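*Asks:* Residues per chain, in single letters:
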Amino acid sequence: MALDSRVPEGPIKDKWTDYKNKINLVNPANKRHIDVIVVGTGLAGGSAAATLAELGYNVKAFAYQDSPRRAHSIAAQGGINAAKNYQGDGDSTYRLFYDTVKGGDYRSREANVYRLAEVSANIIDQCVAQGVPFARDYGGLLDNRSFGGVLVSRTFYAKGQTGQQLLLGAYSAMNRQIARGKIEMFNRHEMLDVVIVDGKARGIIARNLITGEIERHSAHAVVIASGGYGNVYFLSTNAMGSNATAAWKIHKKGAYFANPCYTQIHPTCIPRSGDYQSKLTLMSESLRNDGRIWVPKNMEDVMAIREGRKKPTDLSEEERDYYLERRYPAFGNLVPRDVASRAAKERCDAGYGVNATGEAVYLDFASAIERYGEEQAKIHNLKNPSKEKIIELGEKIVEAKYGNLFQMYEKIVDENPYKTPMMIYPATHYTMGGVWVDYNLMTTIPGCYCIGEANFSDHGANRLGASALMQGLADGYFVLPYTIGDYLADDIRTGKIPTDSKEFDEAEKSVKDRIDFFVNNKGSKSVDYFHKKLGKVMWDKVGMARNEKGLKEAMAEIKQIREEFWKEVKVPGNADEMNPELEKAGRVADFLELGELFAKDALMREESCGGHFREESVEESGEQKGEAKRNDKDFAFVAAWEYKGEPADAVLHKEELEFKDIELKQRSYK
Amino acid sequence: MNLTLKIWRQKDSNAKGQMVDYKVTDISEHMSFLEMMDVLNEQLVNSGEEPVAFDHDCREGICGMCSMYINGEAHGPDRGVTTCQLHMRMFNDGDTITIEPFRAAAFPVIKDLVVDRTAFERIQQAGGYISVNTSGNTQDANAIPISKHAADEAMDAATCIGCGACVATCKNSSAMLFVGAKVSQYALLPQGQVEAVDRVQNMVAQMDLEGFGNCTNTGACEVECPKGISLDNIARMNRELMKAAIK
Numbered sequence: 001m002a003l004d005s006r007v008p009e010g011p012i013k014d015k016w017t018d019y020k021n022k023i024n025l026v027n028p029a030n031k032r033h034i035d036v037i038v039v040g041t042g043l044a045g046g047s048a049a050a051t052l053a054e055l056g057y058n059v060k061a062f063a064y065q066d067s068p069r070r071a072h073s074i075a076a077q078g079g080i081n082a083a084k085n086y087q088g089d090g091d092s093t094y095r096l097f098y099d100t101v102k103g104g105d106y107r108s109r110e111a112n113v114y115r116l117a118e119v120s121a122n123i124i125d126q127c128v129a130q131g132v133p134f135a136r137d138y139g140g141l142l143d144n145r146s147f148g149g150v151l152v153s154r155t156f157y158a159k160g161q162t163g164q165q166l167l168l169g170a171y172s173a174m175n176r177q178i179a180r181g182k183i184e185m186f187n188r189h190e191m192l193d194v195v196i197v198d199g200k201a202r203g204i205i206a207r208n209l210i211t212g213e214i215e216r217h218s219a220h221a222v223v224i225a226s227g228g229y230g231n232v233y234f235l236s237t238n239a240m241g242s243n244a245t246a247a248w249k250i251h252k253k254g255a256y257f258a259n260p261c262y263t264q265i266h267p268t269c270i271p272r273s274g275d276y277q278s279k280l281t282l283m284s285e286s287l288r289n290d291g292r293i294w295v296p297k298n299m300e301d302v303m304a305i306r307e308g309r310k311k312p313t314d315l316s317e318e319e320r321d322y323y324l325e326r327r328y329p330a331f332g333n334l335v336p337r338d339v340a341s342r343a344a345k346e347r348c349d350a351g352y353g354v355n356a357t358g359e360a361v362y363l364d365f366a367s368a369i370e371r372y373g374e375e376q377a378k379i380h381n382l383k384n385p386s387k388e389k390i391i392e393l394g395e396k397i398v399e400a401k402y403g404n405l406f407q408m409y410e411k412i413v414d415e416n417p418y419k420t421p422m423m424i425y426p427a428t429h430y431t432m433g434g435v436w437v438d439y440n441l442m443t444t445i446p447g448c449y450c451i452g453e454a455n456f457s458d459h460g461a462n463r464l465g466a467s468a469l470m471q472g473l474a475d476g477y478f479v480l481p482y483t484i485g486d487y488l489a490d491d492i493r494t495g496k497i498p499t500d501s502k503e504f505d506e507a508e509k510s511v512k513d514r515i516d517f518f519v520n521n522k523g524s525k526s527v528d529y530f531h532k533k534l535g536k537v538m539w540d541k542v543g544m545a546r547n548e549k550g551l552k553e554a555m556a557e558i559k560q561i562r563e564e565f566w567k568e569v570k571v572p573g574n575a576d577e578m579n580p581e582l583e584k585a586g587r588v589a590d591f592l593e594l595g596e597l598f599a600k601d602a603l604m605r606e607e608s609c610g611g612h613f614r615e616e617s618v619e620e621s622g623e624q625k626g627e628a629k630r631n632d633k634d635f636a637f638v639a640a641w642e643y644k645g646e647p648a649d650a651v652l653h654k655e656e657l658e659f660k661d662i663e664l665k666q667r668s669y670k
Numbered sequence: 001m002n003l004t005l006k007i008w009r010q011k012d013s014n015a016k017g018q019m020v021d022y023k024v025t026d027i028s029e030h031m032s033f034l035e036m037m038d039v040l041n042e043q044l045v046n047s048g049e050e051p052v053a054f055d056h057d058c059r060e061g062i063c064g065m066c067s068m069y070i071n072g073e074a075h076g077p078d079r080g081v082t083t084c085q086l087h088m089r090m091f092n093d094g095d096t097i098t099i100e101p102f103r104a105a106a107f108p109v110i111k112d113l114v115v116d117r118t119a120f121e122r123i124q125q126a127g128g129y130i131s132v133n134t135s136g137n138t139q140d141a142n143a144i145p146i147s148k149h150a151a152d153e154a155m156d157a158a159t160c161i162g163c164g165a166c167v168a169t170c171k172n173s174s175a176m177l178f179v180g181a182k183v184s185q186y187a188l189l190p191q192g193q194v195e196a197v198d199r200v201q202n203m204v205a206q207m208d209l210e211g212f213g214n215c216t217n218t219g220a221c222e223v224e225c226p227k228g229i230s231l232d233n234i235a236r237m238n239r240e241l242m243k244a245a246i247k
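Residue numbers (the working numbering), protein chains in the order written: chain D, 1 to 670; chain E, 1 to 247.
So that you can see chain D by itself, here it is in the shape it has in the complex (with noise of 0.2 angstroms):
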């Protein structure tokens, strides 16, 4: 099947609009006899139920958490990014649609990234009619902060729980559909199958996860809204339960799965400290607004610092390396993550780690401390103020924008950010990749959609800061309920789909099959043991630098850990109670796949862009020797794969990329 992206005719800034006047609509009585799935209830997934729920479909929402509240986009940070300019700072649409796709390194799809930037301004008035407490200032009006990769600031923020209150946000509008009945909520529910019926999707197979029942649900079109597939590596900086099976399952039904390699590995997140870690913990990217990062310029001071003989507070700045103002003058600490997080890991590779394991390097507040002490000093009209107590301002300030990050360091690691560096290392947080959709958010299955991070479509192959939540809500409030009415305006005489049909059996008894399977097995190793030995395949070899000898031992390393898996896997307690390992099993199986396909695409594009950093392709000379190498000619296309059975014997289908209103180059930010 050729790949149809149906982007709209016509010039970029009239595209959505006019889009918009010419799909078909469901006149509001009919829609009441249509039915839609929502898989996920984070940003996007609460956000789309809310608002179809709003137009009058009938909406069935779907989490597997006890409460759409805690889908896991309640633990972004830092903001959301919005081309308001009300920073005066030249901002615009086209500024945020030119920053999202040089950030994504030229491998989004143009028209979707500026439909992006064009609504994300809508989304703030949306968030702050629906009561989100975003940050003001001492005018009342909305404040902003800067984020990596850009040079004005547009990223509106509510301390550093920005995620949550946005997600809580869509909750709440959630909450009024439920009240009224126009959303059904299935709290502790888990999606293990799409149905297909006469080629389009009808319908999910899931299970009660309190219960264990396995029930039918049947609609006139499925979203998928599930998130990331972070949680391959194991480690991660997602949720314990953040898995890709529904992707996985639409994928193996028929949506191809879209650029799988392209991961972000976020630079600021809480070392690693043992082997019975169970997850990482990102440290906001807004630190790096303030924060200054360093490792010791020479090796006697690095190894001082591992042993305990000296603080990092004792060296002074001239025996400080701060990598990426050196390297990058023009963005600093701003640069993007895929950038900032290679830097990190050039240092530490060098031997300039500042902790026991060499993977740590500072993020140091002390100069922004005093910066806004003297700041404060000068407001309040204080006569050559004291040295601490500039800094007993500044802490206060620091406190009130940061506090809640600098608290939780403070309890994981049990040392004072205020008084000392805080150490951070990168960590896989975000998946730009997924399933691959058209402009209307569709999947290659007629009537499946995906949105959120679950889908391929806006971030490229690196997401700047504050554009997930962006994303997310553009999907959900504004993109899909009017593309969905196009589609679903052909269902308006179908009436209910029956749940007895052979398809439904079909699905149900597989999914039945799969878990007998595991409660049956009675194998030697735990679901863990599987998933930490594909996390550590995955690192090691499809992490923030990879070549084509690890790639393709990590495709046969991967086959035989699944191999393994099939056999000895040991679920303990039935299929019928509350069984988190029998959870855990299925999104592992599905993991499994899913890590081989990742490495193979990574393996199919030889270039580096964005967070794909392949060390066989870099600048080997001029001003941008050591970055990485984009190659235009042969790799600006979209990678979807099609499932054909085993991972390895996915069929890859192209989707080129055009860039018509922005002119294709490397880029730079020294």
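Hints were generated in silico from the structure; no laboratory data involved.
Predicted, not measured: the structure shown is a model, and the values here were computed from it.
A portion of the hints provided could be inaccurate.
To be verified - A few chain E positions that, by computed beta-carbon distances, are all more than 10 angstroms from chain D:
| no. | residue |
| --- | --- |
| 1 | Met1 |
| 2 | Lys23 |
| 3 | Ser28 |
| 4 | Met31 |
| 5 | Glu50 |
| 6 | Asp93 |
| 7 | Ile97 |
| 8 | Lys111 |
| 9 | Thr118 |
| 10 | Gly128 |
| 11 | Cys215 |
| 12 | Thr216 |
| 13 | Glu222 |
| 14 | Ala235 |
| 15 | Asn238 |
| 16 | Met242 |
Unchecked claim - DEER-style ranges, computed between Cβ atoms:
| no. | chain 1 | residue 1 | chain 2 | residue 2 | range |
| --- | --- | --- | --- | --- | --- |
| 17 | E | Arg9 | D | Arg493 | 52 to 58 angstroms |
| 18 | E | Ile246 | D | His380 | 38 to 44 angstroms |
| 19 | D | Lys396 | E | Ile246 | 29 to 35 angstroms |
Built from N, CA and C at the ideal position, the CB exists for glycine as well.
Following the hints, put chain E in place on chain D, whose structure we already have.
*Replies:* Just chain E now, kept in the frame of chain D:
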């Protein structure tokens, strides 16, 4: 360190539960409490026993899913943290740790340490929202200035993670801190004024219907709240309720 754990085991909501003793060894002080539970569960799986079911997800203190009652305190002995942020450095070698589910009539046990908190969902559905449809033509976000003070106070109330520690720790199993926080967030913002009367009345009525107890101003909820939600929010909710009664 080596520890003895006394854990509540209960097969399902209808079964009778009991405390069961377990031993764990070589626990690092840098582990989080839940990582210690992972070690125990791995041990149980490997020896063919059923692991202990407990709720958890984000493991960074924001989703509100984890919910253990540890040595008689919701989220354990540390302050300002959820169980997933509690670290083993708070304990000593040789300690016996008692681990129970959050207990309240309105939070029935589902299995082991997992409880049903959907009563909170129904309270929010009764009025925890502002009735505004999604559209591309909502008024500009800066059209109504909101004082920084009010916005910050609304934010402080809105940081509630809905974990239920306030209920679990209250001798009356009262949910007033939770409901007060939600009512306050909207009461402090101009957008929340239009529905203020119905909101507070409906949410409080639903709270009572769910079987939560009343507030007797002990203040334990504020102490145990991982997000430091202030008792002021309960006072504000009571004021809103009084105002609603005379309107």
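*Asks:* Taking each numbered hint in turn, which are not upheld by the structure, reported in ascending numerical order?
*Replies:* 3, 4, 5, 8, 9, 10 and 19
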